[in-house]
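If you read the protein sequences in the order shown, they are chains A and B.
Per my numbering, the first sequence starts with residue 8, numbered consecutively.
Per my numbering, the second sequence starts with residue 106, numbered consecutively.
No lab work stands behind these hints: they were computed from the structure.
Remember, it's a predicted structure, so these values are computed and weren't measured experimentally.
Check the hints yourself; a few may be wrong.
Unchecked claim - Now the stretches of chain B that chain A is said to cover, found in silico as 3 or more residues with beta-carbon under 8 Å:
| hint | region |
| --- | --- |
| 1 | 134 to 146 |
| 2 | 152 to 166 |
| 3 | 219 to 230 |
| 4 | 315 to 327 |
Note that the Cβ used here is the ideal one computed from N, Cα and C, for glycine as well.
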Amino acid sequence: MNWLVFAIVGWVMFGLELGMADALQLGVSGIAPSFVMILLVVVAASTPRNTAIWAAIAIGLFLDLTHKAPSPAGARPIIVIGPYVLACLMAAYTVLTMRAMVFRRNVLAMAFLSMFGAAMAGVVVTAVYAVRHFYDGQHIEIHALPELGRRLASAVYTGAIAIVVAPALQWLAPLFGFPQAGSRERRRRA
Amino acid sequence: MPKARISQQRLLTLTVIAALLLAFLPARYTAWVDALQGPVDFFFAPVSHLASYVSRTLRPAVSGTLPSDADLARIAIERDKLQTELLDADRRIEELKRLVRDLQGGINLAPDVEVRALAASVIGASSDLADGLLTVRAGRDEGVTERETVAVVNGVHLVGRVESVAARTSRVRPITRSGAGWIQALVYIDRPGGKAYRCQLRGADDGTLKGDLEEGAQGIEPGQEVRLQDADWPDTAQMLVLGRVESVGAKEGAPLRSVIIVRPDLQLERVRRVVLRIPAAPAGEIGGTH
């Protein structure tokens, strides 16, 4: 994979996520799509295992750095490195496991993978914060069940948005340097 | 070649272990991470600002009270500003009276705080909308201070308090978020400056604030103005408008107490630009000349 293209596209996706997510949220529910999760799913579905995992770590790290942990009222919100790294690793692992079972060029398959990947990531982030809430309650406070519900609903929304975004990212596949689907087949025929 | 693969595998394992450790380390050991917020915000600011500008232009904050005509709206904003200044002046007179009394009694209190206004664009939200933090383009370099600086729109409508500050950006938590905590406020019955009742409000995470009215409060009706008056909030926020009463009803399980719902005049999460009210350092303090 061309890491420079990945960095540029990632930068744009993060910009969309930070700048537009609140405009796309459903009412004031906090349910919003994740653009970077779609990028992660497209990369994980199209690259070798190690590349996918490093991409997941990079995306997770920047998600951690752009996100404040849920804090109790009146407490100064803090940044925690780790929850989103682990969440993105879980999402990438989910896609790596499932990608053999789906037709990657199918838009609905990518939407399904995005939804499933985002859901797994949501479960991991909620779990990490919920565990920390027990021993670090003065800095982190989370109501796990509503939070999990919101994240799962956001995962469904991410899947819906992936119907539009994933094909656009796949269109950039030659720039990313993804191995082209069917190339082995063509080589064999040749 | 196999050696390189093994080392990459090892590196990957170490990275995952590091992420696990950092994820579960108590906050007191990872305070240094906050220093990275500034550079990261700066890195994403150009593209997130553009996306935010487009989205907030397409879906701007809608005011429930301002006239749609631009000139009338400007006059209304000016009127609200003057009204707020008047109320704040009244409050300060009361404070000064108290100060005089205290000084006469030999107790020295802190000098009054002056306010500096700084316009700042909203360049994005946190990547997780649950916390509701807005990122604004002004930070420590512009004199923004944590928890002492508040953000307003239309001159007097309180958006929220600055919760964390980086070099060039800050995070503001809107008052409609439960994380903003309890806020003491006054509900004005007829006109600002007139008869008022106390209430205690907290963000309900649905664009409103909910809370309890003081016992014996009468004549509270939808549309009445609610303003902040809370010793836990900085002077820069006193008497700013929180919103208007949306509904009042009996509290469940305590019929003698009333529950009040207050809705800000604007959708606070959708504002494109805010004005930061920064406390200017008192005259005479080193480096504190504004």
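Hints, one by one, checked against the model:
| no. | hint | result |
| --- | --- | --- |
| 1 | 134 to 146 | holds (count 8) |
| 2 | 152 to 166 | holds (count 12) |
| 3 | 219 to 230 | holds (count 3) |
| 4 | 315 to 327 | violated (count 0) |
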